[in-house]
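Chain by chain, the residues run as shown.
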Amino acid sequence: MSPIFYLLAALTLAGGLATVLLKHLVHAALAVTIAFAGLALLFLQLDAQFAGFAQILVYIGAVAILIVFAILLTHGADLPKEGVFSKTWLVGLIIAAGVFAVLGWAVLASVSAVPQQNTMPAVTVHDIGNALVGRYVLPLEIVALLLTAATIGAVIVAMHEKERPR
Amino acid sequence: MTAVTPLAGYLLVAALLFAIGLAGALVRRNAIMVLIGIELMLNAANLNLIAFWRFGPHPEALTGMMFAIFSIAVAAAEAAVGLGLVIAIYRHTNAAELDKIDRMKG
Chain A
1 MSPIFYLLAA LTLAGGLATV LLKHLVHAAL AVTIAFAGLA LLFLQLDAQF AGFAQILVYI
61 GAVAILIVFA ILLTHGADLP KEGVFSKTWL VGLIIAAGVF AVLGWAVLAS VSAVPQQNTM
121 PAVTVHDIGN ALVGRYVLPL EIVALLLTAA TIGAVIVAMH EKERPR
Chain B
167 MTAVTPLAGY LLVAALLFAI GLAGALVRRN AIMVLIGIEL MLNAANLNLI AFWRFGPHPE
227 ALTGMMFAIF SIAVAAAEAA VGLGLVIAIY RHTNAAELDK IDRMKG
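Keeping their order, the protein sequence lines are chains A and B. Residue 81 in our numbering sits at position 81 of the first sequence; the count goes up by one each step and never skips. So our numbering is basically just the index in the second sequence, starting at one, shifted up by 166.
Okay, chain A solo, but in the shape it has when bound (with noise of 0.2 Å):
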């Protein structure tokens, strides 16, 4: 283990922690920002550039942006009065304790099936083009028709209400 993988690791993690523990909605999509920068490095790390660069592109340029707008258009700027954890949150926080501890104990438990390949995989970003439209185009036609429909329902979800009798 690289000592740029625990660092990494560290940063991910730590945006992670920030953002369910910061009380300030527009601080926590700040924290997930650096969360998904820090797994962007980690996929680069991984020798993934493609998905290292499009999870930059969508996560950091398009997800944060849109939740920073969901925060603005439904005044999470401002605190609540109430609190911003749940009543039940220690429920909550067993619950995510217990699937950590599971999974965890199953990641150390188990051992590799497959011997562990080192050498860095020699794939461009060519192959995965010719793959794209290869082995997987009925998948890539299946989200292209699903990223239509989403578009669409949300513009239909989000759009004003019209008035009705009640």
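Possibly wrong hints are sitting among the right ones.
When the alpha-carbon atoms are kept at most 30 Å apart in a straight line, the in silico BS3-like pairs for lysine-lysine are as follows [what the hints assert, rightly or not]:
(1) Lys23(A) / Lys87(A)
(2) Lys271(B) / Lys87(A)
(3) Lys23(A) / Lys81(A)
(4) Lys266(B) / Lys87(A)
(5) Lys266(B) / Lys23(A)
(6) Lys271(B) / Lys81(A)
(7) Lys81(A) / Lys266(B)
Every beta carbon over 10 Å from chain A, so not counted as near; a handful from chain B, in silico [said to hold, decoys possible]:
(8) Asp268
(9) Arg269
(10) Met270
Calculated directly from the structure, the hints in this document are not laboratory data. Backbone N, C-alpha and C fix where the C-beta goes; we use that ideal spot for every residue, glycine too.
Mind docking chain B on chain A? Use the hints.
Okay, now just chain B, sitting in the frame of chain A:
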């Protein structure tokens, strides 16, 4: 106790990030924070997919990489629709706190 292999290291980071996202989705009151927690969980799953692709036996088949790329695309669509729903609900009830949205009647 042997040293942690690189694959196990990445899987542990992903598991911890998933738990943090789950805690965020369960503990916070604001609907937007729940969506952010779900995004963190999806990202943790992507890290798992990429790590298995990198350390698996056939990286040239690109299976894990493709899974991660499609997962990123679906997550973007989910974020757009989810945040649109939060805005629509806020306009209807004037609240983005989930414990205030407790009526099924419009």
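Going down the list of hints, with the structure as the test:
| no. | hint | verdict |
| --- | --- | --- |
| 1 | Lys23(A) / Lys87(A) | holds, 15 Å |
| 2 | Lys271(B) / Lys87(A) | holds, 24 Å |
| 3 | Lys23(A) / Lys81(A) | holds, 12 Å |
| 4 | Lys266(B) / Lys87(A) | holds, 12 Å |
| 5 | Lys266(B) / Lys23(A) | holds, 18 Å |
| 6 | Lys271(B) / Lys81(A) | holds, 26 Å |
| 7 | Lys81(A) / Lys266(B) | holds, 13 Å |
| 8 | Asp268 | holds, 13 Å |
| 9 | Arg269 | holds, 14 Å |
| 10 | Met270 | holds, 16 Å |
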